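Construct the complete structure from the given sequences, taking the supplied hints into account.
Spelled out, the chains give:
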Amino acid sequence: MKLMHTKLPEFIKKMKEAAIKGKIPKDIEIKGLENLTSAKMQSLRTGRIEHAVSEIAVKKNVEKLEINVIPRVPETMHTVIVKGLDKDGKCMSAVLEVINILHPTEEAYLLDCDDVDDRRPKIGLH
Amino acid sequence: MNILKFKLIPQSKDEKIGITIPLNIAFVELADIKACDITAREAVKLIADSIDGPVGINVIDMDCVTTTSDGIMTEGTVVLMAAGDRGKINPDFGILEMEEIPYSEELIREEPHLKQWVMYPGKRLFRGPNPKKKLIPVHNVVITGRAGNNNSATEMMNIVTMEEILLPILGQLEIIKGGNVVVGNTGEVISVGIGMTIAEKFGRIFPTRQYKAGDTAHSSGEYAQTLKRNIPIIAADKAIIAKQTIKALQFGMIPGKDIGCSPLILSIAKAMGFKIDFDNITDRAYEELSSVGITKEWLQEEIIALTADEVIAQADTIVPGINNPRKFRASEITVLKEIEI
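Top line first, the protein sequences correspond to chains G and Y.
Position 95 of the first sequence, counted from 1, bears residue number 95 in the numbering used here, the numbering being contiguous throughout.
Position 62 of the second sequence, counted from 1, bears residue number 1062 in the numbering used here, the numbering being contiguous throughout.
Just so you know, the hints here were simulated from the structure itself, not pulled from any lab data.
Please note that the accuracy of each hint is not assured.
Below, a list of computed lysine-lysine pairs in the BS3-like style, where the Cα atoms sit at most 25 Å apart [stated by the list, open to error]: (1) Y:Lys-1132 x Y:Lys-1212; (2) G:Lys-122 x Y:Lys-1133; (3) Y:Lys-1134 x G:Lys-122; (4) G:Lys-122 x Y:Lys-1045.
This structure is a prediction, so every number in the text was calculated from the model and none was measured.
Structure, rendered in structure tokens:
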């Protein structure tokens, strides 16, 4: 089961549903997935994140929720495809390059929060 | 009770300094850490905890040697780099030690610029980290929150504001020694020069001997001069840079062969009439050098060679690089901080 994956739209829908499960439905904003159009999300963690959303949603001092999806590893390596297209949109020539991108780690998103429960497994585990 | 001393350049847009300092920058000597009977890792955690914001932290051992990116050996090196943010240090990516490079004949054969080591007897050598000791193969960087400390502690950045500062090693050592620094914008010449690296295992930038002396790691033609052009920099006074470079040249290091072909090295070599290995400098390196006015023809012009003292005295005009430079005593841009332990 742990190797199954959830469709991206389904993941987003699940989080929104988890946020309204308490007595008072709460808004949730999901940031960090805007650039993805087609993605499969790890099912095992999808369930755990749904659970985390519902846990936070029922807290009395919480008015609204936010999910930030950020790279676990703060330097990500990306392939860059430089394409030249003809008038019909057909790729006539291309160059493959690479670029590494640095990202802030989770501390940058939690500067004002002291109550952080880190449930992530060590890097390399699922 | 022990007192841990360190020097801090506070995050600022200080008009006196004239550049944006994008995050707090802390320098601590390993000897001062040892005097407190704590480890370097414990020390950087204490320093991060004392600063309410993003901070890059460099632990410097003045009893060791290192090399500049273009291959000039110098006394004093970073042995550990860290990044912190509001008291936190990321447990996976926030701290990294540099790797000691043990002496061997094979090493000297592979990296001829290390012949300079004989001028520093008994000194241990450190440059960059061992990639096998990193959790995953990120480049030589540590990151916590907004703070990034990369290229083995010679560039620091605020990843949220995206502002950055260059901290060449000779400038850091001047800060530790309370010497003289130049502050300004990196400019086109140093932007090109940064790419003129030498082949080093566990180097400050590259973990393998990927680019040899005479070549350019940038390999981006006329664009190389723009890569770091506008980024603030704190460098050593040019007289200090000239003195250290002349020491390597007088020892017998040949630009383009043993040491890099950066505009800085080539300009000093030309002024003093030292041999340059023109044939070993690649076309793509010449292309980048030409973009900042360092052509083969200019380098080969007949000149009356200057003495070392004359070059050092005229370093501000002979050594190219840094736009809008301002000179400071290191003590004018740093604050001495103390932590009770």
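Straight-line alpha-carbon gap G:Lys-122 to Y:Lys-1133, limit 25 Å: holds (16 Å)
Hinted pair Y:Lys-1132 and Y:Lys-1212, Cα distance within 25 Å: With a Cα-Cα distance of about 22 Å, the restraint between Y:Lys-1132 and Y:Lys-1212 holds, given a limit of 25 Å.
Pair hint outcome, Y:Lys-1134 versus G:Lys-122 [Cα-Cα no greater than 25 Å]: With a Cα-Cα distance of about 14 Å, the restraint between Y:Lys-1134 and G:Lys-122 holds, given a limit of 25 Å.
Hinted pair G:Lys-122 and Y:Lys-1045, Cα distance within 25 Å: holds (21 Å)
Going down the numbered hints, you'll see the structure goes against none, and every one checks out.
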